[in-house]
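> When you get a sec, could you build the whole thing from the sequences and use the hints?
There are 2 protein chains.
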Amino acid sequence: MQLITIEDIRAAAERIAGTAVRTPLLPTNLGTPDRPLWVKPESLQPIGAFKIRGAHNAVARLSPEVRERGLVTYSSGNHAQAIAYAAKEFGVPATVVTPADTPRIKIDAARAHGAEVVLVPMAEREARAEAIALETGATLVPPFDHPDVIAGQGTAGLEIAEDMPDVELVLIPVSGGGLAGGIGTAVKALCPKAKVIGVEPALAGDAQAGFRAGAQVHWAPEDRLRTIADGLRSEPSKLTFAHLLRVLDDVVTVTEEEIVEAVRLLARRARLVVEPSGAVAVAAHLNRVEELPAGRTVAVVSGGNIDPARFAEILSS
Amino acid sequence: MQLITIEDIRAAAERIAGTAVRTPLLPTNLGTPDRPLWVKPESLQPIGAFKIRGAHNAVARLSPEVRERGLVTYSSGNHAQAIAYAAKEFGVPATVVTPADTPRIKIDAARAHGAEVVLVPMAEREARAEAIALETGATLVPPFDHPDVIAGQGTAGLEIAEDMPDVELVLIPVSGGGLAGGIGTAVKALCPKAKVIGVEPALAGDAQAGFRAGAQVHWAPEDRLRTIADGLRSEPSKLTFAHLLRVLDDVVTVTEEEIVEAVRLLARRARLVVEPSGAVAVAAHLNRVEELPAGRTVAVVSGGNIDPARFAEILSS
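The listed protein sequences correspond, in order, to chains A and B.
The first sequence runs 469 to 785 under our numbering.
The second sequence runs 469 to 785 under our numbering.
Just so you know, the hints here were simulated from the structure itself, not pulled from any lab data.
Note that the structure is a prediction, hence the values are computed from the model and not measured.
Some clues are possibly wrong.
One copy or two, either will do: identical chains are not told apart, so a pair holds if it fits within one copy or between any two.
As the list claims (entries may be wrong) - With a cut-off of at most 25 Å between alpha-carbon atoms, the simulated SDA-like pairs for lysine to any residue come out as follows:
1. 556 with 723
2. 556 with 632
3. 556 with 587
4. 706 with 591
Written out as structure tokens, the structure reads:
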């Protein structure tokens, strides 16, 4: 299996310049003297999540003839928006197949970018997207199981390494594994002394189980569905899992209560609107001190697409 | 009267590098094809507002002997935090004199940085700060009425000009006038074709009245106190007003309802926690089309220190 390289990530960075925002590292007061914390706010991307990096890179890599036949994808929401956004930029049609329980804000946003949205039960989404690709000739751009997508997500890691060459710990949400695999590849290439640790909800803790066993462990979709972190209910593919094994030092998990508290603290202390999935790395920093090395820490805040009513409820509680 | 120059701003930029975040321009979906909108999110600064730029620049310019005698200031909140933060960085004591009705979140933050907080009626704050400076030998660093403070705030304008040399319109909140005077100086020097327009609440519309009359107009403090935008209740000094006359093309005002709606939209569409004062420039973009030139627009989002309960209430309404 061919894994992506730092050169793939550098090439992706050139492709996405002008589309993805080069997000800054924000110092926070959520750290301690021996564990100062910066956040990388990917919630500030045009679609509210890092997914624009991988989607744009993958779509830019297609030949114009192939691209014009359209794009299709399956996604819990943020990748769907990213494909819809990339399709609009390139002026081609897009269809997104989305689990029926995806937050309305994510579905509406994909529609607002002009994509056709097909709602299906979560277990059927990949098959339906593949069927649409076969029928229409559209290209299936998967949410993580593709080298161009992984390389695109890795550009966030390139930026971390450029902005803080002496970073000691990078914490990254893990679901399908594209973000952690991509960022980890960049950080390990450029800051080889830094530790890179994935974070996921304990209720969707399949990546930790697999990583610590050294071989992938599958959890039933209905189990992974339990977490509030709707963007972290996928499982890695063979390709992304191989990247995780290569670049991560560990995977830690956080509880639902810790995720909600991190959302609240990020609003109050960092003035960021963050969705539960986007807050897990900060939750780990605050609550898993015994499992994490000390030092200058960057937590990737992966997205900010949360229903306003739920967000208001979290802020008031 | 000596006004600041682009060289003063460039020198300030060197002083504040490493303390202030170099905030990106964030593209939004709040614009229209002929008026695309980017926001400059100063709410993401370490203290949650642009004030860190001017405060750090002014404190860095003091001689070590003077600085060690301590700092004192008066402020509606964000400048108080900025002085407290700068004092902590330089290891010197700070006292902040704050109106008694300042939001608790701002007062607590200044205390958290180790400053002594003195609460007084708004009309007495300047006199009390001056008295403390006389008694203790501390240096009074005013919130806007000082060239070093104005030059520091201007660094945000330098960044706008660097990141978008073809910007056509810059919208900036106006209260004491340091931010608008500083940013306007940078933008007019580097992008002479761009229009620069100040924005304030109609309930504290003294700067518009003065600007359009060509001479300062004074409103009673109790009138300026009516707006929800607690950071925009000051009036320009002679020094800042002279800057506004030189660099602004106009001042427009927005209603309280428009400010609240902009706070709500910035949370939902830009994933930013913004205080009412920070949202006025976006409110103008959305509601004052007839008074604003078209073109590529940057709205400065000046701060994000809003009481969580009030923010949750705005999001839910």
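> Now, for every hint given, state plainly whether the structure supports it.
A quick look at each hint next to the structure:
In this assembly of identical chains, residue 556 and residue 723 lie within 25 Å of each other by CA distance neither inside one copy nor across copies; the values are 37 Å within and 35 Å between. Taking the shortest Cα distances, residue 556 and residue 632 sit within 25 Å of each other only across copies (23 Å), while inside one copy they are farther apart (34 Å). For a Cα distance limit of 25 Å, the shortest separation of residue 556 from residue 587 inside one copy, 21 Å, qualifies, whereas the shortest one across copies, 53 Å, does not. For the identical chains of this complex, residue 706 and residue 591 are intra-copy neighbours only, at 18 Å inside a copy versus 67 Å across copies, given an alpha-carbon limit of 25 Å.
The structure fails hint 1 only (numbered hints given earlier).
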